[in-house]
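**Student:** Sequences listed follow chains G and V, in order.
First residue of the first sequence? That's 0 in numbering that gives the first Met the number 0, and the numbers climb one at a time after it.
First residue of the second sequence? That's 0 in numbering that gives the first Met the number 0, and the numbers climb one at a time after it.
In case anyone wonders, no lab produced these hints; they're calculated from the structure.
Just so you know, even glycine gets a beta-carbon here, dropped at the ideal spot from N, CA and C.
It cannot be assumed that every hint is accurate.
[Unchecked claim] Here are a few chain V residues that face chain G, going by a calculated C-beta distance under 7 Å:
{"id": "1", "residue": "Lys11"}
{"id": "2", "residue": "Ala13"}
{"id": "3", "residue": "Ser14"}
{"id": "4", "residue": "Thr17"}
{"id": "5", "residue": "Ser19"}
{"id": "6", "residue": "Tyr41"}
{"id": "7", "residue": "Pro43"}
{"id": "8", "residue": "Asp44"}
{"id": "9", "residue": "Cys61"}
{"id": "10", "residue": "Gly62"}
{"id": "11", "residue": "Glu67"}
Spelled out from the first residue to the last, the chains are:
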Amino acid sequence: MAEIPKEEYILRCTSACAGCSSSLVLRYILKAAGPDSVLVVPACCTSVIQGIYPNTAMNIPVYNVAFASAAAVASGMSAAFRSVGKKTNVICYAGDGGTVDIGIQALSGALERGTDFLYICYDNEAYSNTGMQRSGSTPLGAKTTTTPEGKRDAKKDLDRIVQAHNLPYMATACSAYPLDLYKKVQKALAIRGPTFIHILAPCPPGWRYPSEATIEMGKLAVKTGMWVLYEREYGKLSVTGASKGALAKPLPVGEYLTRQGRFKGIDAATIDYVQQSVRDNLARIAREVEGVC
Amino acid sequence: MSAKLAISRPVKGASGKTGSWRTFRPVVNREACNACGLCAQYCPDGCIDEELEIDLNFCKGCGICANECPKKAIEMVREED
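Using the sequences and the accompanying hints, generate a full structural model.
**Tutor:** What follows is the structure in structure tokens.
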């Protein structure tokens, strides 16, 4: 606790929903990044919660850009800073829609060009800003306004797409473990070159659970193995924090799914399928950690 | 050129006093509190300061602090009127 800076870079208060985990996550990202940082924000919840023009709650420079362009803008910005010898942190802060669907081409390009920046995807598993439409990141069985009977397709595995770019550092995090996230952001920013962090960000109105359960929901995601905390430094995988326990003995996924209104009425066969895919994923990660595969 | 750009400036209360959103207000029982600071750590809007005082002008009443308090020292009380 002691090493976390007291400074807050978001002034009281944004207009984020009560219990928003993205607000929590952004607090710790900016604490880790410090004042010499620029945020690039494509269309997402964060572009609408900053305050009413001409005021903003964000006490560091924020550049609001078009949906598909965050990583491309960051590329130009990073090149400009480096060419004048500035070390300013360039951080993209994008939602899952702006990353796994609309922004993936720009992200892939920036990773391939070796842009010196940190790309953070906060994943609330839908287009929440516009009222909860399905995204490529929405999990199997989840109800959204465009999948009223539950999504029929599985969640896109963004991390393995990013991993294929062989970047120096990538990690996953969860809003329920802000100190783990803080360390990962610091580590990512200390590395020159493209870095990436994928954060699970539970969303009370979108996932349909009471606002006070935001931290619980994040912890359940990790403890059931639905979300795995890890980091990959120069290709080497290490599992971090609470996921070490979950890897050995995960809770049943039902404990996570049944707490959320978006999974209401999910059938037993779908729960079994989700449980099996979690088991497969954990086994794959365990094998890689042991150096078997 | 800068005059033509839509630039916002940082100020406190950029979204108004979000405390007016609240239906439930966090009330701290100081005798039960052991000052662990988890409430401040988890407050999404950073409304709890180092002395663990809650800024009711901006607290949206999400209840995370009460839910996460290991000593159950925070109670959510319905706002009157």
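**Student:** Look at each hint and say if it fits the structure.
**Tutor:** Hint check results:
| no. | hint | verdict |
| --- | --- | --- |
| 1 | Lys11 | holds (5 Å) |
| 2 | Ala13 | holds (3 Å) |
| 3 | Ser14 | holds (4 Å) |
| 4 | Thr17 | holds (5 Å) |
| 5 | Ser19 | violated (11 Å) |
| 6 | Tyr41 | holds (6 Å) |
| 7 | Pro43 | holds (4 Å) |
| 8 | Asp44 | holds (5 Å) |
| 9 | Cys61 | holds (4 Å) |
| 10 | Gly62 | holds (3 Å) |
| 11 | Glu67 | holds (5 Å) |
Of the hints listed earlier, the one the structure fails to meet is number 5.
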